[in-house]
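Between the sequences and the hints, there should be enough to build the whole structure, so can you do that?
Position 102, counted from 1, in the sequence shown is what my numbering calls 105; the numbers after and before it change by one each time, with no gaps.
Bear in mind the hints are in silico, worked out from the structure with no lab data behind them. Quantities reported herein were computed from a predicted structural model and do not represent experimental measurements. Watch out, some of these pointers could steer you wrong.
To be verified - Cut-off 25 angstroms, straight-line C-alpha distance, at most; resulting in silico cross-link-like pairs (SDA-like, lysine to any residue):
1) K226 - G182
2) K226 - G75
3) K226 - A243
4) K226 - R244
5) K226 - I206
6) K226 - A187
7) K226 - V166
8) K226 - P188
9) K226 - V128
10) K226 - P245
11) K226 - D111
12) K226 - R151
13) K226 - N161
14) K226 - G209
15) K226 - S112
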Amino acid sequence: MSTETQTSRRAWRRLRRAGAPRPTKGNVLATILALGLGFAIAAQVRQTSIEGLEDLREDELIRILDTVDQDGNRLAEEIQTLRLSRDRLQSDTTSLTEAREAAQQRLDSLAILAGTAPARGPGIVLTIRDPENRVTAPLLLDTLQELRDAGAEAIEINSIRVVASTFFTDGEGSISISGTEVSAPYVVTAIGDGSTLASAMEIPGGVTNSVRSVGGEAGVETKDEVTVSALRSVSEPQYARPVPSSTTS
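Right, here's the structure in full:
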């Protein structure tokens with residue numbers, strides 16, 4: 004290699020060393036400061052993104068608080084409205100349920116009184132024997148009236164339901180109840196207070212005395228539960244119509 008070429012290469016090496024940064028104290032300090040400034044900037048950006056409100060002006064903060072208060076008031080009003088709607092629906096549902104229950108109870112009571120539904124409860128069983136066929140329709144009618152006066156709520160005689168329209172007539176050797184002939188023994192089942200009904204049958208001059216006076220026998224059994232299962236069919240009235248109830252506006 005020629006002397007001129009070696010001299011040229013040494014010159015280029017010196018030039019590269021001269022252009023390369025030298026790890027002086029100043030360069031190291033500048034690098035540390037740059038890194039610290041970078042970390043500070045990153046932390047500030049993060050803190051601002053988290054808190055978000057520290058750098059806002061007072062009027063901006065007041066506007067944000069007003070908006071939050073308005074939203075809270077609107078939500079509170081919506082909650083109150085929903086609660087009122089819920090309470091009203093619950094009240095309407097409760098009132099409707101109570102009205103239906105009351106109507107059903109009234110319907111059940113009317114069905115028992117009309118004889119279209121069976122009934123059971125405490126009561127008595129009155130058995131009238133008439134070996135000489137001297138018990139008459141008026142005597143059975145008196146028996147029915149005594150039971151009603153004593154508070155009987157449902158009655159049947161020989162599997163025939165007795166209601167308000169029931170009537171008794173005498174026949175030849177038998178008694179007719181609403182057109183159906185029955186014969187002794189006459190078994191009367193009545194629902195009500197058992198002791199009261201039994202006492203009404205056995206009062207001096209009452210039903211049992213009247214039966215015995217014509218040669219018959221009458222026995223009363225008080226029971227905790229009896230069943231009146233005979234039903235009466237209800238026909239459509241031919242002439243009677245209900246009177247419309249008056250309404251006030």
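Hints and how they fare:
no.: 1; hint: K226 - G182; verdict: violated (30 angstroms)
no.: 2; hint: K226 - G75; verdict: violated (69 angstroms)
no.: 3; hint: K226 - A243; verdict: violated (39 angstroms)
no.: 4; hint: K226 - R244; verdict: violated (40 angstroms)
no.: 5; hint: K226 - I206; verdict: holds (19 angstroms)
no.: 6; hint: K226 - A187; verdict: holds (22 angstroms)
no.: 7; hint: K226 - V166; verdict: holds (22 angstroms)
no.: 8; hint: K226 - P188; verdict: holds (19 angstroms)
no.: 9; hint: K226 - V128; verdict: holds (8 angstroms)
no.: 10; hint: K226 - P245; verdict: violated (39 angstroms)
no.: 11; hint: K226 - D111; verdict: holds (23 angstroms)
no.: 12; hint: K226 - R151; verdict: holds (18 angstroms)
no.: 13; hint: K226 - N161; verdict: holds (18 angstroms)
no.: 14; hint: K226 - G209; verdict: holds (21 angstroms)
no.: 15; hint: K226 - S112; verdict: holds (22 angstroms)
Going down the numbered hints, you'll see the structure goes against 1, 2, 3, 4 and 10, while the others check out.
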